[in-house]
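S.K.: Please build the complete structure, drawing on both the sequences and the hints.
There are 2 protein chains.
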Amino acid sequence: MEILQTAAGLQDRTESWRRAGLRIGLVPTMGALHEGHLQLVRAAAQENDVVVVSIFVNPTQFNNPEDFRLYPRLPETDGALLADTGCTALFAPTVEEMYPQPTLLRFDFGTLERVMEGAHRPGHFNGVATVVSKLFHLSRPHRAYFGQKDLQQVAVVRQLVQDLSFPLELVVFPTVRETDGLAMSSRNRRLSLEARAVAPHLYQALTLARRLVDEEQTVAEVQRQTLDFLRQQPAIELEYFDISDARTLQPLAPEQPANGPVALCLAAWLGGVRLIDNVVVER
Amino acid sequence: MEILQTAAGLQDRTESWRRAGLRIGLVPTMGALHEGHLQLVRAAAQENDVVVVSIFVNPTQFNNPEDFRLYPRLPETDGALLADTGCTALFAPTVEEMYPQPTLLRFDFGTLERVMEGAHRPGHFNGVATVVSKLFHLSRPHRAYFGQKDLQQVAVVRQLVQDLSFPLELVVFPTVRETDGLAMSSRNRRLSLEARAVAPHLYQALTLARRLVDEEQTVAEVQRQTLDFLRQQPAIELEYFDISDARTLQPLAPEQPANGPVALCLAAWLGGVRLIDNVVVER
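These protein sequences, in sequence, are chains A and B. Position one of the first sequence corresponds to residue 1 (full-length UniProt numbering), numbered consecutively onward. Position one of the second sequence corresponds to residue 1 (full-length UniProt numbering), numbered consecutively onward.
Rather than coming from a laboratory, the hints here were simulated on the basis of the structure. Careful, some of the hints might be misleading.
Claimed, not checked - Short derived list, chain A residues pointing at chain B, Cβ under 10 Å:
no., residue
1, T14
2, Q101
3, L104
4, L135
5, A246
Note that the Cβ used here is the ideal one computed from N, Cα and C, for glycine as well.
M.R.: Written out as structure tokens, the structure is:
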């Protein structure tokens, strides 16, 4: 596995791979890798000739400077974890390398980012779309791999790819969970023992909500019972729990049962750490 | 010269050119070609192995539906004009081909589009950035060619390329003028005989302004004398005349002489046709 730290170095490499007719897979990450990331890398290695994994904690997608400062950075561990996955090149640039001058351009994804993460983290998806566009242009992937854990990010990147005709295919993998149901996340490392013990209630709440949706309860009733369940855990400070159209991410009408594929999405704070999770119910 | 009408067809062609190691030049146009366009195509043919010329009257960059409807469309003439220029492929898609579904994403270029064309044509540069991004992704050019006639468009596209790390080089050519000084433009075809006779006063006004800048008159004085000159032509309805920093396009302070490279830019209506022109003064 080769380690590349400059944009020009990565571009040279991917240009020559393209010229040699090799299929390129890209797995963009912010590091602090876990099994969810590694599944993406192994899938990319199976489906392509070469695989680029990027590790870059992107400042422009953090609305909260403290969150950016505390985001886990574990370059040695990450390198060791990637060794057996089929990763061809690890791209680990500095902030100055990715943003040599200030960015003027801003993206807006309309209704897609007026809800959930977009509503609670102003500018987040502008930062995501900017860095993903840069990584796509530097890596020239045939396929790019994302996890469903970041459901709204996947929706925004899908819109970006469609609206600007990026010549690549998005591949989305299901959320990988710990044995107690907690969605794997780099931020889990920051949980205290107490917060870690309570954290599985987030997925339990989503599982309850899924059952209620399957029972054709009204959206308002699913909302009420799920919030009641979460309120029993005072250590969980819920930011939102949204019941949405899984394609548009817009909230569903409260008075009737959910119709069509439903996204059940939440964000919550546990002892100063913000976690998100979601479940999609096909109907 | 091959004619391509589908995005997939163009993408296949440029993919195989890239794989063969050929250098690709792109000249994006809205057709109704004139000598300004043809100079770009001939330059692209000299500096690259293959040249894509796109002809697409892009609806998303027209804020005025009447302007879109009346924009000249001359596919046969355009094809004949391109025959001897070294154009390898003419890409002439339909609107449905370029926009198979509604676009949610919107671009904002901040201060760069709060002035001049951006201020007077709301949404114009969002449309430009969207279609240029699509054309870049479909054509995969090593170099893309633009005319300085659209000075603010060049600035926006340059920002787009920098901010999203598009892997290509922008090449900008000077404005080509008729013998009486009128900047060549596809919209000139729509001028009445009377309006055509008055139109050279736009460039005469810019030439006057350039002389005053060279004489180190204050920005306010350049503005005053240029507006006085234009006011003598009642057939010219001035929309704006801006004296700006040529890099940021922001207006210069009025009380002192211009310092650094200056962009002198104007837009005006002549009998229902809107024309723009500019001159850049290096200082």
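S.K.: Decide, hint by hint, whether the structure agrees.
M.R.: For each hint, the structure was consulted:
Against a cut-off of 10 Å between C-beta atoms, the interface hint on T14 of chain A holds, since the closest Cβ of chain B lies about 9 Å away. Against a cut-off of 10 Å between C-beta atoms, the interface hint on Q101 of chain A holds, since the closest Cβ of chain B lies about 7 Å away. Below 10 Å, beta-carbon pairs count as interface contacts, and L104 of chain A has one with chain B at about 5 Å; its hint therefore holds. Using the Cβ-Cβ criterion of 10 Å, the hint placing L135 of chain A at the interface with chain B is satisfied: the shortest such distance is roughly 8 Å.
The interface hint given for A246 of chain A is violated, since its Cβ lies 16 Å from the closest Cβ of chain B, which is over the 10 Å cut-off.
Comparing the model with each earlier hint shows a violation of hint 5 alone; every other hint is respected.
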